[in-house]
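Novice: Using the sequences and the hints given, assemble the complete structure.
Quick mapping for you: the protein sequence lines, in order, are chains A and B. For the first sequence, the residue numbers in the numbering used here are 7 to 205. For the second sequence, the residue numbers in the numbering used here are 7 to 205.
It should be emphasised that the hints constitute simulated quantities derived from the structure, not laboratory data. Wrong hints could be hidden among the right ones.
Non-contacting residues of chain B with respect to chain A, defined by C-beta distances greater than 12 Å in every case (computed) [as the list claims (entries may be wrong)]:
no.: 1; residue: Lys-110
no.: 2; residue: Glu-115
no.: 3; residue: Pro-157
Output of the computed footprint for chain B on chain A, the stretches with three or more beta carbons under 8 Å from beta carbons of chain B [unchecked claim]:
no.: 4; region: 37-46
no.: 5; region: 72-86
no.: 6; region: 112-123
no.: 7; region: 166-180
Note that this is a predicted model, so its numbers are computed, not measured. Virtual Cβ for every residue (Gly too), placed ideally from N, Cα, C.
There are 2 protein chains.
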Amino acid sequence: MAQAAPAVDKRRQILDAAVRVFARQGFHSTRVSDIADEAGVAYGLVYHYFRSKDQMLNELFSERWSLLLATIEETDGDTPPRERMAAVAGFIVDSYRHDPELMKVIIVEVTRAANSFGRTHLPEIRNAYELIAEIVAEGQAQGVFRDDIDPNFASLSFYGALEQLLSGWIFDLIPSGSQDFDRAADLVVETICGGLEPR
Amino acid sequence: MAQAAPAVDKRRQILDAAVRVFARQGFHSTRVSDIADEAGVAYGLVYHYFRSKDQMLNELFSERWSLLLATIEETDGDTPPRERMAAVAGFIVDSYRHDPELMKVIIVEVTRAANSFGRTHLPEIRNAYELIAEIVAEGQAQGVFRDDIDPNFASLSFYGALEQLLSGWIFDLIPSGSQDFDRAADLVVETICGGLEPR
DNA sequence: AGCCCGATTGACTGGTCAGTCAGCCAGGTA
DNA sequence: TACCTGGCTGACTGACCAGTCAATCGGGCT
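Specialist: Dropping the structure here:
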């Protein structure tokens with residue numbers, strides 16, 4: 007007979023604890039014992055469920071990033087490009103609103119750490135850039151975006167602005183009230199699509 | 007009599023070696039012995055000139071960042087805001103063109119690592135954001151920038167786009183020929199000020 | 001020559017952790 | 001009851017490395 011699932015999913019419990027500790031102390035200065043303590047679990051159990059400390063971070067990242075990629079891909083080609091970009095910005099901002107600790111870990115330890123962890127995930131990250139660039143290219147084909155700006159370049163600016171926005175919240179450089187979340191995604195889209203100069 | 011200066015400035019020699027090794031391996035995985043080897047110098051000499059491995063990185067960052075801050079401050083208040091932003095973008099792009107290894111270290115290990123090293127330098131980094139925000143605010147006061155976008159927010163987007171651009175070069179996400187450098191700074195300014203949508 | 005002192009050397013130490021492993025325990029099965 | 005299996009435990013080990021320090025070197029000065 008199949009083994010009954012444990013009352014609580016210890017694996018999940020450990021992963022959730024890892025998010026909290028990574029967010030609090032940063033990946034490099036968290037000891038595996040910190041994670042075990044936070045999860046209320048023995049040190050060795052962590053290694054029962056995970057091959058290494060690295061694997062935990064990788065899993066946390068890929069879990070969330072694949073949702074982002076799916077969101078970008080899902081937006082219908084018939085939807086106006088500007089709305090598709092708003093959907094991307096919305097997803098990222100909502101991810102942060104819903105689980106700031108997880109997003110902090112993903113941004114700080116993976117996305118912005120392209121030399122260590124990001125290196126492993128560079129293809130996934132690049133994938134997101136490319137999907138955004140496709141949206142821009144589509145906008146140019148439709149004539150709703152100017153075509154003298156390279157789509158890859160526009161994609162980089164758009165994603166860079168978003169990442170910097172989250173970084174601003176994460177490190178308290180800008181206020182993060184709930185009304186700020188509501189406006190932020192639109193504001194990024196407005197800045198990149200509309201520009202700073204009046205029309 | 008004053009001690010004659012050594013034929014070569016060993017301190018500088020070590021600092022330069024550190025840039026190369028940090029750029030190649032990343033700060034965390036460079037051993038102090040790697041730096042000593044690269045500089046062709048004994049292990050202990052590194053500690054004769056520097057208090058710690060951290061101090062070397064701090065010094066490299068502050069040396070360059072203070073030049074950036076000076077550049078932003080220097081731009082005259084009478085200069086059109088758009089040109090002042092172009093000056094900022096130009097300085098950053100030129101810094102990369104002139105010494106890509108140093109800029110890689112600064113961006114990857116400090117600016118984008120706000121959880122570890124960036125934390126120490128957050129005030130300096132924030133300072134740059136604020137100076138850029140002031141330029142935007144000035145533009146709004148003059149009526150050349152729309153005033154429904156918060157200056158701090160615009161500053162974040164602008165700086166984020168620039169940093170992402172350098173990251174793109176650093177990690178080979180976008181081509182970095184010399185003509186790319188020439189256009190890049192203008193393109194960032196054009197994207198942020200002019201927007202993607204045609205006028 | 002003999003002294004001084006800062007530059008230079010590199011072996012060594014102390015502390016830190018990631019990952020291992022031998023075994024315990026509980027609940028299901030025969 | 002006796003056995004088995006897999007979740008679970010935590011002390012321990014091996015590797016790594018930043019930073020220390022005692023000793024040596026060499027050039028300038030008296």
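Novice: Confirm or reject each hint.
Specialist: Do the hints match the structure? See the list:
1. Lys-110: Lys-110 of chain B not clear of chain A: closest Cβ-Cβ about 8 Å, inside 12 Å.
2. Glu-115: violated, 7 Å
3. Pro-157: violated, 10 Å
4. 37-46: It is violated, with 0 qualifying residues against the three required.
5. 72-86: Since three or more residues must qualify, the claim that chain B covers the region 72-86 of chain A is violated, with 0 doing so at under 8 Å.
6. 112-123: holds (count 7)
7. 166-180: Coverage by chain B holds here, the residue count being 12 at a Cβ distance below 8 Å.
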